[in-house]
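K.L.:
In the order they appear, the protein sequences are chains V and D.
For the first sequence, position 369 (counting from the first letter as 1) is numbered 369 according to my numbering, and the numbering increases by one without interruption.
For the second sequence, position 62 (counting from the first letter as 1) is numbered 62 according to my numbering, and the numbering increases by one without interruption.
Wrong hints could be hidden among the right ones.
Below, simulated DSSO-like cross-link-like pairs (lysine-lysine); rule was C-alpha separation at most 30 Å, straight line [as the list claims (entries may be wrong)]:
{"no.": "1", "chain 1": "V", "residue 1": "K263", "chain 2": "D", "residue 2": "K237"}
{"no.": "2", "chain 1": "V", "residue 1": "K280", "chain 2": "D", "residue 2": "K180"}
{"no.": "3", "chain 1": "D", "residue 1": "K180", "chain 2": "V", "residue 2": "K382"}
{"no.": "4", "chain 1": "V", "residue 1": "K163", "chain 2": "D", "residue 2": "K147"}
Source of the hints: derived by calculation from the structure; they are not laboratory data.
Bear in mind that the values here come from a model prediction, so they are computed numbers and not experimental data.
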Amino acid sequence: MPLRKNKLLLLFLLCAVLFLAWNCRSGQHQDNREDEAKPLSSVVIQYAKGFKIDHFAHYTRVILHNPWSNTNESYAVYYLYRDSSTLLPTNGTKLKIPLSSLTVNTFSYLAFLDLLDEQGAITGVTDGFRIYHPGILQKLRTGEITDLGDPFHPNVEKTLALKPQAVISSAYAQRDNYSERLIDAGFPIIYSLEWMENSPLARAEWIKMIAAFFDKEATADSIFTEIEHRYLQLQEKIKNVSTQYTVMTGDNFQGTWYVPGGKSFNAILFRDAQLDYLFKNNRESGSIGLDIESVLTRFGKADYWFGCEADTYAELADKDAKYLLLESVKKRQVFNNHNRVTPSGGNDYFESAVANPDLLLSDLVKAAYPEILPHYSFTYIKPLEELSAREK
Amino acid sequence: MKNKTVIFILLIILLLVAFIGDLFTGNAPISPGEAWVALFGTSGDTIIDEIIRNYRLPKAITAVIAGSALSLSGLLMQTLFRNPLAGPDVLGVSAGAGLGVALLTMLSGTAVYPFIAAMGSMAQIVAAIAGAAAVLILILGVSARIKDSITILVLGMIFGYVASALVTILQSFSDPDSLKVFVTWTFGSLGGVTWNKMPLLLMLVSVGIMLACFLQKTLNSLLLGENYAMSTGLNIKRARVFIIAIAAIITGAVTAFTGPIAFVGVVIPHFARAFFGTVNHKTILPATLLLGSILLLTCDIVSQIPVAGRTLPINAVTAVFGAPMIVWIVLKRKKL
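Okay, chain D solo, but in the shape it has when bound (with noise of 0.2 Å):
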């Protein structure tokens, strides 16, 4: 136990001290102590405040909230279908999210246009939040219809699957300026949400790791098997739309602002396991959280590191970075 809280302690020092350096890299010339200077005080130049306070500030807190989100994300699902691969995406929430911004680009120069003009950057979060709320309703009805987890499982890689294909045949019929916008959105930013879009990330994402909070003992049981779970006197199917609304929330909501990011949900809780040798969602479900955290934070730093005069894409970063710390884990414990 005592070894557990030194742990803890050691991650949110590394989550404070990877927050702190993700605010010091960035493209412009701006030393540590400028940085350091605009973020207290002011620092006399209103470019550097304005990039450190106003753009590094904001991404840096989206990618504390976005990792946290995406892993308990994966972490839910996986608990919930007992399936190591699980993650955020099996629902097909990101699918539905990334075929209503398709939706929206495609559609941004006709009819509809006063309409998604007077919404400004905001359209596109809210065509994600209705494609990935669509996906979510879909799925509800069914899994409060359904006795199997893993039919549930199928049908939401269906509906993905679905989804991902609509937006193919959206992508065939629209121009190739359009087509750069869509596929620019499925790069993930984590830059994109501003001071005046972070309330409504934190709200959605903030209301649904609280409620995941509440289910610690529920996922415990879950994890020997559905019918032990329910000889304990859980309503199963309750949990169970708790669980997937949830996930698809927090995740709907992150994919919306961020683009699709990949790999930190599936990876994150797997990690976490190997991190503190335990399955138990006291300890694993906060030490998803942090690590997500931290990890986006140290994919947005790397991301920074200019290739080719160009900073890379945080979807590529996330993939490529985090899949060596992976293969160390499992060469190391042998297992996931």
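The following block holds chain V by itself, in its conformation from the complex (with noise of 0.2 Å):
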């Protein structure tokens, strides 16, 4: 008798699953095949993988290409269209530009659209306190912009009631709720997806995505312009440098040391620089988890430490003396990334070194090569002091 309870219940639990199955048929998954037309010109693209902008008669098409599917698939389309009157195809998300009020969930937009001049139509953010943008702290205090809370589970109705023309909302590999309501109720998101692209100058060049909606792609490309001359002048600059020193990055949280993969944004950041990362060749994209004992054999020899989170040689000893076993800490060429931090929080490395490669590369080069920047001051990194300065 039991045995077929248990029967019916599986049977109910199986119409539960077709029920769901027959729920989602809804994908939201675009397909740009339908759109078969001959854009008239494109925008030139050269470091980016991930989003596409061409010109039609009429309109614009921004494509965001979905990095987690291995079929040409996108992630999001686009419309921009100047004119209401505009005929448009029939599978994508359609902007009336320029924009002239979004939501920002994301910290690095912030720096793009302050490079565009486009920060006074920003009407919410999530993460108040961790800002650091000077202005955009300030407008938080008067109220004209608002604290959307927490970027991972941002305020519906506050978002809702600021009623902004787009919001940017970071894309993951699932969907979520928040998205899905706000496309519901007839807001676009403008996913931000500049963060899986590795190279720091692809990251930077998602200006360009960002400035389609706005209408300022020539500046957006004079700025990226500017940028990446800046960047490849560095690094034609430390092209001959005598030594190659070797680094390690990362820092020890909760028992679990993250350092970047071989194809990651850092271990590229440090080629560029002329720095000998000793995961170059690993394969990942991501961080690696490593415990300190790994750290310690592996990386004991590295002549620099970048991305520390202490501010003093003295907090590095008092939290673990096993810190001290480290080439890098002796020579103390230990650097941590609290140039420009809040006191709530905030720290500019989050949020404009996304638009500023050209400075991050200059930072790194300062610290392994002051010789060739003699007159640049860091404005990420920072050099660990022996003491704190309440303890000089």
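With the hints as a guide, bring the two chains together.
P.N.:
Pasting the structure below:
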């Protein structure tokens, strides 16, 4: 008898699963094959692999590629038009440009919008207390910009009440309830996928993507060309450095030391700065969790340590005496990313560095080869001090 | 008897008040008047209409469903295991749902991506239901073979621990962003159930609640001990499988849609018993359903109060807000 009941229950579960499957048929991923028209022109993109901008007679099409898909599927397609009477293809998100109000749930776009002089369009941000940008902090205080809370779970009501023309939100491999709800309510989401790019210049090139929504493609192009020029020029300068120093990076977080994989943003930045990163031949693009013992044995001899979380050597020793065994600590060549921080936890490294890869590179060059940049002072990184200011 | 009817009527009124109160509170500056108009007509402002009808209304309905379902599940478990600490999560079903979501979150960037992407935000619910169902099948398989209820309780806890341990292992392998996506799920959220997801949640839970209502007699005889229940001619194994299945399905369904919500399920049955001064399921089963809904609606209202500019996770509010209520009852009644 119990068995029969079990079977009944299984049948019930099966029905539930079938119902679910039926419910989820409405996949939202767009297929861009429908639109066969040839673009009149396309924006030249040299480094970034994640997006494409095409111009048609009456509108602009922005395609974000899906970084998780093996097929040539797009993550999102946007049709940008200036005139409301424009006839548009049916398979994407339609937006009237230039945008004049939007909420930003990802810090990197604050810098892009700043460079494009469109910061005034921002009406809402997430994690306001972690923002570095003084202008935005000021507007948060006066209430011109609303804090929408946790970027992974922004406040739906506050977002809707702002009536933004678009919402910039980080895209993850899973669709989240927040973006789905905003789309249902008729608010377009501009997905931020620049973080899936691995090279510093590719990430910075995403300024072209967001510029299209403000009808500022030419401005973005000249801004990016300048960034690229400065980056490549610096690379040229250090091409013939005599010694290649070895580097380590990351820090211990509750027992796990996350180090970047060999195909990651940081590994490429180190390569471009003529620094020798031990994991350069690793094939991961994300981060790798190591324990402190492997870090000591593998990276113990590294000359430089970037991205340390401490502010002073005293603090390092206090946290764990094992840190003192590192060659970089003995040589006093340890740097943190705390050069531009606010008391409440804002750090410009997580904000504007994406848009300024040349400064990131300069920081590393200044640290390892100071003679090459004698007049430069650090932007994002800072050498550790011996003692904290309080103890001195 | 008359007294009880009055209390029930009062509870129903309280439920309605809490429901309307929940519709009227939120972070968007909408006055109760505007909310009322948006609810029954059109306010002329599409955003207010959208917030009231498509956000607050489904959220309040979810609170009612989740509150009553979790409390009922807790009541079933407490009666079956005759253990005052039993709750919806003792069978490991919530942990199983968590494991499903953790697996999904960690795997979402890999080869299975196209499959997950096609499901949109339903993917999380499917994963949670699959995880909960896996634990449920295990539990049912075990409970059909074991005589002693306490053994099932222990095994259920063990399944739960194993599922949580697997989640921890997955977390240690995942990158910080996926980790945050998962941790956000564990905060619990009533706002994730949109209208198109509501029918499924409602179907799963209402079937469970209706079945449980037919079990009142069985539950009452279980209160007197399994031996006594058997002597009344009750097929104890069958009853057990049935109760476990109902509790697990409604817990799994609610957890899948809202994330884990702690405390409500353990506490409300005690609250109901203390409130009515009886253990008869004919009274405390409906009382549990009502009180559970009221508590979760109230918690949702409380969670809207901004703390440092943001709203609190519902999973935390239920415990923080619910605990003092229980302490008060314990002190007043001197026992649970």
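K.L.:
Does the structure keep K280 (chain V) and K180 (chain D) at a Cα separation of 30 Å or less?
P.N.:
27 Å, holds
K.L.:
Take a quick look at whether K163 (chain V) and K147 (chain D) sit within 30 Å of each other, Cα to Cα.
P.N.:
Cα-Cα ~60 Å, so violated.
K.L.:
Hey, K180 (chain D) versus K382 (chain V), does the alpha-carbon distance stay inside 30 Å?
P.N.:
Holds, because 28 Å separates the two Cα atoms, which is no more than 30 Å.
K.L.:
Taking only the CA atoms, is the gap from K263 (chain V) to K237 (chain D) under or equal to 30 Å?
P.N.:
This hinted pair is violated, its Cα atoms lying about 57 Å apart.
Going through the hint list in order, the structure does not satisfy hints 1 and 4.
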